[in-house]
Amino acid sequence: MEWEVVIGLETHTQLQTKTKIFSGASTAFGSEPNTQACVVSLALPGVLPVLNKEAVKCAIKFGLAVNAEIASRSVFARKNYFYPDLPKGYQISQYELPVVGKGSMTIQVGSGDKAYEKVINITRAHLEEDAGKSVHGAQEGMSGIDLNRAGTPLLEIVTEPDMRSAAEAVAYAKKLHDLVQWIGICDGNMQEGSFRCDVNVSVRPKGSEKLGTRREIKNLNSFKFMQQAIEYETRWQIETLEDGGTIQQATVLFNPDTGETRAMRSKEEANDYRYFPDPDLLPLAISESDISTVKADMPELPEAMKARFEAQYGLAHYDANALTSSRGTADYFVSTVEAGSDAKLAANWVMGSVSAKLNAEDKEISASPISPSALASLIKRIQDGTISNNAAKQVFEAMWAGEGDADSIIESKGLKQVSDSGAIEAIVDEVLAANVAMVEEFKAGKEKAFNALVGQAMKASKGKANPAQVNEILKKKLGA
Amino acid sequence: MSLNSADIKRIAHLARIEVSDTEAEATLTKLTGILGLIEQMQAVDTKGIIPMSHSQDVTQRLREDVVTETNQRELFQSIAPAVEGGLYLVPKVIE
Numbered sequence: 001m002e003w004e005v006v007i008g009l010e011t012h013t014q015l016q017t018k019t020k021i022f023s024g025a026s027t028a029f030g031s032e033p034n035t036q037a038c039v040v041s042l043a044l045p046g047v048l049p050v051l052n053k054e055a056v057k058c059a060i061k062f063g064l065a066v067n068a069e070i071a072s073r074s075v076f077a078r079k080n081y082f083y084p085d086l087p088k089g090y091q092i093s094q095y096e097l098p099v100v101g102k103g104s105m106t107i108q109v110g111s112g113d114k115a116y117e118k119v120i121n122i123t124r125a126h127l128e129e130d131a132g133k134s135v136h137g138a139q140e141g142m143s144g145i146d147l148n149r150a151g152t153p154l155l156e157i158v159t160e161p162d163m164r165s166a167a168e169a170v171a172y173a174k175k176l177h178d179l180v181q182w183i184g185i186c187d188g189n190m191q192e193g194s195f196r197c198d199v200n201v202s203v204r205p206k207g208s209e210k211l212g213t214r215r216e217i218k219n220l221n222s223f224k225f226m227q228q229a230i231e232y233e234t235r236w237q238i239e240t241l242e243d244g245g246t247i248q249q250a251t252v253l254f255n256p257d258t259g260e261t262r263a264m265r266s267k268e269e270a271n272d273y274r275y276f277p278d279p280d281l282l283p284l285a286i287s288e289s290d291i292s293t294v295k296a297d298m299p300e301l302p303e304a305m306k307a308r309f310e311a312q313y314g315l316a317h318y319d320a321n322a323l324t325s326s327r328g329t330a331d332y333f334v335s336t337v338e339a340g341s342d343a344k345l346a347a348n349w350v351m352g353s354v355s356a357k358l359n360a361e362d363k364e365i366s367a368s369p370i371s372p373s374a375l376a377s378l379i380k381r382i383q384d385g386t387i388s389n390n391a392a393k394q395v396f397e398a399m400w401a402g403e404g405d406a407d408s409i410i411e412s413k414g415l416k417q418v419s420d421s422g423a424i425e426a427i428v429d430e431v432l433a434a435n436v437a438m439v440e441e442f443k444a445g446k447e448k449a450f451n452a453l454v455g456q457a458m459k460a461s462k463g464k465a466n467p468a469q470v471n472e473i474l475k476k477k478l479g480a
Numbered sequence: 001m002s003l004n005s006a007d008i009k010r011i012a013h014l015a016r017i018e019v020s021d022t023e024a025e026a027t028l029t030k031l032t033g034i035l036g037l038i039e040q041m042q043a044v045d046t047k048g049i050i051p052m053s054h055s056q057d058v059t060q061r062l063r064e065d066v067v068t069e070t071n072q073r074e075l076f077q078s079i080a081p082a083v084e085g086g087l088y089l090v091p092k093v094i095e
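These protein sequence lines map, in sequence, to chains G and L.
The numbering of the first sequence is my numbering, which starts it at 1 and goes up by one.
The numbering of the second sequence is my numbering, which starts it at 1 and goes up by one.
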């Protein structure tokens, strides 16, 4: 039987606010335990939550970025469960009336000929508070509790079960990861837990409309693990069903060491959270003018920028897409063009040499040793014919190694292209005299011999002759 | 909707409240009374009325995103039963 996998994601993004969602305690990462746990984080009796304006702004920004409905009235609810890192005994979240409603995002899956686009529907996004952290092994038989993270604002983004492969799920997660950083609501730091994904996976016979029973893979904090976890989980579910078994709804954890998913010991009645509206918090009202204020403050979104790159600079769809994959890359490209570079050449260099170097050295584009204006000055020397493409690559390497600016490297390495037609003519004459056999072959109709002659001329000029001119002069001399 | 004492025990467990069998019986009577009142109220036609989530018809006031809290760990931990290295200690949590 042919099977189809159905995947939906729930992503917790930590919002980039200075303070917690319901108190004025700092959210800075990595501080000494409990130094940022105020009376509200500790849930001391009598304290009241007061909602952070910036967290609401972040939610509105996200809603605008995915073309979603933004609720004019939304409600905070208590999600009740007991765990030591949740001192109140409930998490303040949103249940029936979330701040962000239905929206969508277009993802690009795969590359080359097999690449395709797909719309992923967003069900909702809601504001909630993070819990604290449990530290095990601090003392025999005890767990240590750090409440610095308790109350950190989160936006939980939920999709429809729209994805049909691990590749689609990872493409969505990556796109979302890019987007939340692009609009500046989340730092995207997965190691520090700022962006965590729960993945719901189920399988069904291909062609069936009915959803299978799902298992939820919790807390994936890398795209590589997400891919592995979904692939393993999918295989496991199919094998279980083919062996005549059934799937029990469960929460599972992925073990990166074994590459396997395993069901957590099911917490007794864990799903009975007894949500109810939090009487400590009034409904959140968002007016049209609140939305327009946030809108005015939003950066150009990747989709809009992509369309602009295609229209304004004549870039191919694929290139425009790659350049808008992150705001850092897009800003770098735009700055290079604004510094006087040809847009297509700039696109090629940014996606080619620059990104290859960054990948090799595992660097962010903001840490590139070659600034956009420095890259533009190199590209301008290609545009005005001072250096050949090959020489430009050498100059680029030297610039990357910090040997100076484009012009001084061209000068010191003697890479200036010879465009003096007299000098080139002299070289071509020498090459023709020394390669009589090739000339004969060409005259006998062998086209390849022409390229060989160009190669000889370039070699004779030590690569410095302008190839276009060599071509032209050679053609003239051979009467081709 | 009617409740039995097993429901009472389950609700109490979810809320981590210890109730004896006698207390469960008394609670059952009280809760049944409340549910009876709700049943009466269900008869009222509320079609087209947006449910209120708060007893007052006002909206949430927002706070500026400015740090106002200072580190008072020492003070707060002075009343904790057990602390170590800045952490609050609790009986071991097994996941």
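Hints are computed from structural coordinates only; laboratory data are not their basis.
Misleading hints may appear alongside valid ones.
Derived pair list, reagent style DSSO-like, types lysine-lysine, alpha-carbon separation capped at 27 Å [as the list claims (entries may be wrong)]:
no., chain 1, residue 1, chain 2, residue 2
1, L, 92, G, 133
2, G, 218, L, 47
3, G, 102, L, 47
4, G, 464, G, 448
Covered stretches of chain G, as calculated for chain L (at least 3 residues, CB under 8 Å) [as the list claims (entries may be wrong)]:
no., region
5, 29 to 39
6, 75 to 83
Every value quoted in this text rests on a predicted model; they were computed, and no experiment measured them.
Even for Gly, the Cβ is constructed at its ideal location relative to N, Cα and C.
Structure-based check of all given hints:
no.	hint	in the structure
1	92(L) to 133(G)	13 Å, holds
2	218(G) to 47(L)	40 Å, violated
3	102(G) to 47(L)	25 Å, holds
4	464(G) to 448(G)	22 Å, holds
5	29 to 39	holds (count 8)
6	75 to 83	holds (count 4)
Consistency note: the structure conflicts with earlier hint 2 alone.
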